Every structure is written in structure tokens, then in C-alpha cells.
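Engineer: These protein sequence lines map, in sequence, to chains A and B. Quick note on UniProt numbering: the first sequence kicks off at 1 and runs consecutively. Quick note on UniProt numbering: the second sequence kicks off at 1 and runs consecutively.
Calculated from the structure, these hints are not laboratory results. Heads up, some of the hints might be wrong.
Capping the alpha-carbon separation at 27 Å, the derived lysine-lysine pairs in DSSO-like fashion look like this [stated by the list, open to error]:
1) B:Lys122 / A:Lys171
2) B:Lys9 / A:Lys171
3) B:Lys171 / A:Lys179
4) A:Lys49 / A:Lys9
5) A:Lys36 / B:Lys36
6) A:Lys171 / B:Lys23
7) A:Lys32 / B:Lys171
8) A:Lys39 / B:Lys171
9) A:Lys32 / A:Lys142
All values reported here derive from a predicted model rather than from experimental measurement.
Each chain, written out:
Number of protein chains: 2
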Amino acid sequence: MKCRKCSEKALITLRRHNASFCKEHFNEFFIKQVEKGIKEYKMFDFSDKIMVCISGGKDSLVLWYLLHKMGYETTGMYINLGIGEYSEKSLRKVEAFTEKFGLKAVIVNLTELGHPIPLLEKSVKRHACSICGIAKRYYFNKVAYENNFDVVATGHNLDDESARLLGNVLKWDPAYLSKMDPNLPEEGDYIKRKVKPLIRLTELEVGAFAFMNGIDYITDECPKSVGATSMLYKGVLNSLESDMPGTKHYFYNEFFRTVADRFRADSEEKTEMYNCAVCGMESFLETCSFCKMLEKMK
Amino acid sequence: MKCRKCSEKALITLRRHNASFCKEHFNEFFIKQVEKGIKEYKMFDFSDKIMVCISGGKDSLVLWYLLHKMGYETTGMYINLGIGEYSEKSLRKVEAFTEKFGLKAVIVNLTELGHPIPLLEKSVKRHACSICGIAKRYYFNKVAYENNFDVVATGHNLDDESARLLGNVLKWDPAYLSKMDPNLPEEGDYIKRKVKPLIRLTELEVGAFAFMNGIDYITDECPKSVGATSMLYKGVLNSLESDMPGTKHYFYNEFFRTVADRFRADSEEKTEMYNCAVCGMESFLETCSFCKMLEKMK
């Protein structure tokens with residue numbers, strides 16, 4: 001197989017684009033897709049202070065690497081979740097990454113703060129992924145606010161987001177469907193804008209980019225994510241994609257082009273925000289979900 | 001496993017209803033689901049003349065059997081598609097069925113009319129399923145109009161309709177999404193109301209009902225349907241259903257409860273109908289799709 005651009009030997013074939021690329025032109029393709037995503041959804045510009053949430057996985061490290069390389073003002077933010085060996089491994093990957101590329105990250109350690117995920121899991125009757133999501137969202141918001149960032153960027157890719165869309169579509173919950181936007185506006189004083197610049201790229205493409213560019217990342221799946229429904233949704237979308245390349249991209253993008261507005265209207269009506277009685281941050285409830293969890297733990 | 005109702009030995013377990021049933025109580029359950037579908041979507045009542053479209057498969061024969069048994073005024077309508085051995089077999093099943101239950105069917109023979117599906121397939125560049133759909137819809141409308149039926153009933157089940165919904169959702173085409181209703185209103189003078197009374201029942205449940213009630217049907221899949229995308233969609237929904245029983249039903253029903261209206265509005269704006277220049281029936285184009293196909297064949 002030859003590169004579509006230069007006819008050198010191709011390293012990767014992308015069926016949904018009906019194209020093969022050498023390393024150089026795959027990188028070019030990849031960066032263009034990120035630029036396109038940022039532009040299409042007006043995510044940020046060079047005047048913005050961007051906080052990149054990193055986990056030690058391929059998506060977030062690739063995102064940080066790229067935004068930094070493209071000249072954006074970025075700071076990494078890592079949450080040590082306290083999930084045993086998995087968290088230790090991922091922290092080591094983050095440290096190696098920041099050292100290799102001369103970058104600095106803010107680190108939040110849930111164990112030091114007294115509420116690592118396994119401890120929260122014991123007192124809160126929810127799937128670990130749901131608990132972890134609440135904790136992450138809380139610290140993303142808190143750190144971004146306290147450090148005066150303009151925007152919070154996460155490494156969610158096309159597989160993540162099309163799977164989440166499928167999950168929300170199977171339940172048809174308008175409130176969730178109205179929160180799919182890869183550029184979620186800020187809310188009140190505390191909650192900063194959230195963006196997902198990798199939404200035009202698949203898991204496979206991000207992994208290939210990391211590999212070709214010497215970005216080492218944790219390949220283990222989180223041990224707590226076993227049985228997560230998102231895995232089921234990714235599985236069925238992969239099976240459709242394999243028979244009909246381009247399915248994920250079309251499903252995800254067409255949603256925003258022709259459908260999302262139909263759900264936005266009533267979410268605007270419903271949203272009423274409070275300041276959490278415990279921490280003071282914006283919340284949909286009088287006490288925010290995170291502070292409620294901590295109360296249950298005590 | 002024991003029947004939920006009478007504690008006799010159960011013949012079938014329905015995971016999505018968390019219930020097992022003996023033959024008698026499965027039949028009771030099944031009929032209730034059909035009644036519920038008819039009532040919920042106001043499909044028809046005992047004063048309506050119902051044309052039941054039958055193919056020789058389980059769904060349409062079960063539907064006809066039940067509507068007749070429930071006391072509705074029904075006539076079967078069978079189209080011999082002229083697809084070799086498959087069509088011959090299905091016709092024999094229909095003849096055996098009508099004889100066994102003392103019923104009468106109108107029969108349309110595409111070979112005698114000069115355009116069996118395989119002949120149309122040679123001149124029209126489309127998947128056979130699409131050609132067949134156009135031809136069937138045309139004769140359903142024509143026969144219903146000429147024989148003065150009030151409503152046209154088809155045997156589409158929950159698997160068929162949730163798969164169709166999934167296909168339409170993956171493409172997000174508002175025009176298709178607005179045509180999902182299991183009770184489609186009549187259009188103009190020629191096109192009668194179309195209803196799908198089996199939408200609360202799965203393929204497996206309909207098959208079990210046929211088996212338990214001595215309804216013999218053709219089990220072969222149509223040889224032309226190989227590679228039809230609907231099969232892919234059914235496959236992924238079955239895989240989700242197996243991990244999360246009830247997924248299909250919730251996906252399908254919740255669509256009508258909370259979403260369908262959001263797509264109905266613009267379909268009403270768009271619909272402009274003509275009378276086909278060739279056959280005179282209502283059409284979205286100046287010449288209807290079926291007459292266009294026949295022209296291409298000549």
C-alpha cells in the first residue's frame with residue numbers, strides 16, 4: 001500500500017477515508033483533523049489559557065502534545081485516582097511524558113485528599129465509572145477556576161463520543177442529548193468552557209499517532225471499567241464501522257448538523273443552577289453531587 | 001422454570017419482561033401486547049375493513065390469524081414476487097394457511113404482470129430490497145384503494161422497526177425519522193392508512209407464538225436479502241438486548257414518547273404530493289417510483 005500523498009510506503013490505511021498514509025502525511029492528516037475540529041466548533045484560539053486534562057492514556061497525552069506543538073498556551077492537569085497499580089502506572093507515564101517534552105502538569109491526588117475512588121466506591125452505591133466521573137468533573141472545574149484557565153480540554157475521541165451519543169439515543173433522554181456538544185459553554189462563575197478537540201479522530205488513529213510520534217502511554221484499561229456499558233456501545237459501533245466505514249463519523253457529525261438544535265431548546269428552559277451549600281461551586285442541586293458523595297463517605 | 005401466572009411448566013422465558021409462561025399464558029400475554037399496540041396508536045376498530053399484507057412468513061401470518069381471531073374484518077393480500085423457489089415455497093405456505101383457517105386472500109402475481117423482482121433488478125440499479133419495497137408499497141396501495149379497504153396492516157415486529165429506527169438514527173435523516181410512526185395517516189385519495197400491530201413483540205416471540213399455535217410459515221430468508229443493512233442493525237440490537245434486556249423496546253417506544261414530534265413538524269412542511277402522470281396514484285414526484293421503474297425496464 002502506498003501513501004496517497006507521496007507514494008512512499010504507507011504505514012496506515014484509513015478505510016473510512018479510503019486512504020493510506022506514510023508517517024509524515026498521516027501526521028499532516030491528523031493535525032488537520034484536530035485543526036478542523038477546533039475551528040468547526042470554535043473551541044479556542046491562541047489567546048486562551050487551556051487546561052488539558054490528562055490521564056496517562058493515549059488520547060489525553062496526544063492532545064496535550066499536539067496543542068503544545070501547535071503553539072497554544074497549555075497546562076496539563078492530572079488526577080491520581082488512587083486505583084492501585086493502575087494509577088501508579090499511569091502517573092509514571094505522565095511523569096515520563098512531561099519530562100520528555102519539557103511540560104508541566106498540575107497534579108491532584110485523591111488519596112492525599114482522603115477520598116480515592118476505591119474508598120468512595122465502598123460508601124456510594126453506583127458504578128465506579130459514575131463515581132469517578134463525578135470526582136473528575138469536580139476537580140476539572142475546581143482547578144480550572146482556581147487557576148484562572150479559560151477552557152478545559154479533554155481527549156475524548158470519535159469512538160468515545162459516538163458511543164456516548166449511541167447510549168443517549170438508545171435512552172432518548174433530551175437532557176443528555178443536549179449535553180453532547182464538543183464545546184460546552186461555561187456555566188455561571190465557576191464552571192469553565194469544556195472542549196473535545198479530538199472528536200474527528202478514532203481510537204485507532206490516535207493510538208497510531210502516539211506510536212508514530214514516540215508518545216508512550218498506559219495501555220491497560222482501568223480495572224474498574226469492566227462491564228461499563230460504554231464498552232458495549234463501542235463494540236457495536238465498531239462492528240457497524242467494519243461493514244460500513246464512516247458510520248461513526250457520519251452518525252456523530254450529522255447529529256450536530258441536523259438534530260442537536262431540536263434538543264437544545266428545552267435544556268435551556270430547564271437549567272436552573274445553584275451554588276453548592278458545601279463547596280460553593282455551580283450545581284444543579286442545592287448540594288453538588290461530589291459534596292454529596294463525600295458526605296456519604298463520612 | 002414455571003409459568004408466572006399458573007406455576008405450570010413454562011415453555012418460554014422472556015428476559016425483557018423477566019417472566020416465563022406456559023402456552024396458555026404466553027398466548028394471553030401475546031394477544032394483550034397486540035391489543036395494547038392497536039389501542040396505544042389508535043390503529044383501527046371493529047368497523048374498519050383491514051387488508052393484511054402477507055408474505056408467507058411468521059409475522060404476517062400470525063398477524064392475520066390473530067386479527068381474524070380477535071373479530072376484526074380482515075382480508076389477506078399476497079404478492080407473488082417471482083423470486084424462484086423462494087416465492088413458490090412462500091405461496092404454498094399461504095395456501096396451506098388460508099385452507100387451514102378458512103380464510104381468503106387477494107393474490108397479485110408480479111410474473112403474470114410482466115415484472116417479477118429479478119427482471120426489475122436487471123434494469124434498475126438498486127439493491128433488490130429497495131426495488132421490492134417500491135413494488136410492494138405500490139401494490140399495497142393499489143389493492144387497498146381498488147378494494148376499498150380502510151387500513152393496510154403489515155406484520156413488522158419490534159426487531160424490524162427498532163432496526164429501521166437505528167438505521168435512520170445513524171443517518172439522522174429527518175424525513176425518514178418522521179415516517180417511523182406505526183400508524184401512518186392516509187395521504188390524498190389513494191393512499192390508505194398503514195399500521196403495524198406487532199410492534200410490541202420481538203421476532204422470537206412471534207416465532208414462538210406461530211409454533212405454539214400451529215401456524216406453519218416459510219423459514220427461509222429471502223435469497224435477495226443477503227447483505228441487507230437491516231440485518232446488520234438487527235444484529236447489533238440483538239447483541240445489546242442480550243446484555244441489556246429491554247433495550248429494543250425502550251429505544252423504540254421512547255422515540256415516540258419524547259422525540260418523534262421534534263421531527264414531525266418539518267415533514268409536514270415539506271410534503272407536497274402529485275398524482276403520478278402514469279398511474280394516477282399519489283406520489284412525491286411527478287411520476288411515482290414504481291412507474292419510473294417500469295419505464296426503465298421497457
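Engineer: Would you mind marking each hint as holding or not holding in the structure?
Structural biologist: Okay, the hints, checked on the actual structure:
1. B:Lys122 / A:Lys171: violated (42 Å)
2. B:Lys9 / A:Lys171: violated (35 Å)
3. B:Lys171 / A:Lys179: holds (20 Å)
4. A:Lys49 / A:Lys9: Violated, at about 39 Å.
5. A:Lys36 / B:Lys36: Given pair Lys36 (chain A), Lys36 (chain B) is violated - Cα atoms ~49 Å apart, limit 27 Å.
6. A:Lys171 / B:Lys23: violated (32 Å)
7. A:Lys32 / B:Lys171: Holds, at about 25 Å.
8. A:Lys39 / B:Lys171: holds (24 Å)
9. A:Lys32 / A:Lys142: Violated, because 32 Å separates the two Cα atoms, which is more than 27 Å.
Going down the numbered hints, you'll see the structure goes against 1, 2, 4, 5, 6 and 9, while the others check out.
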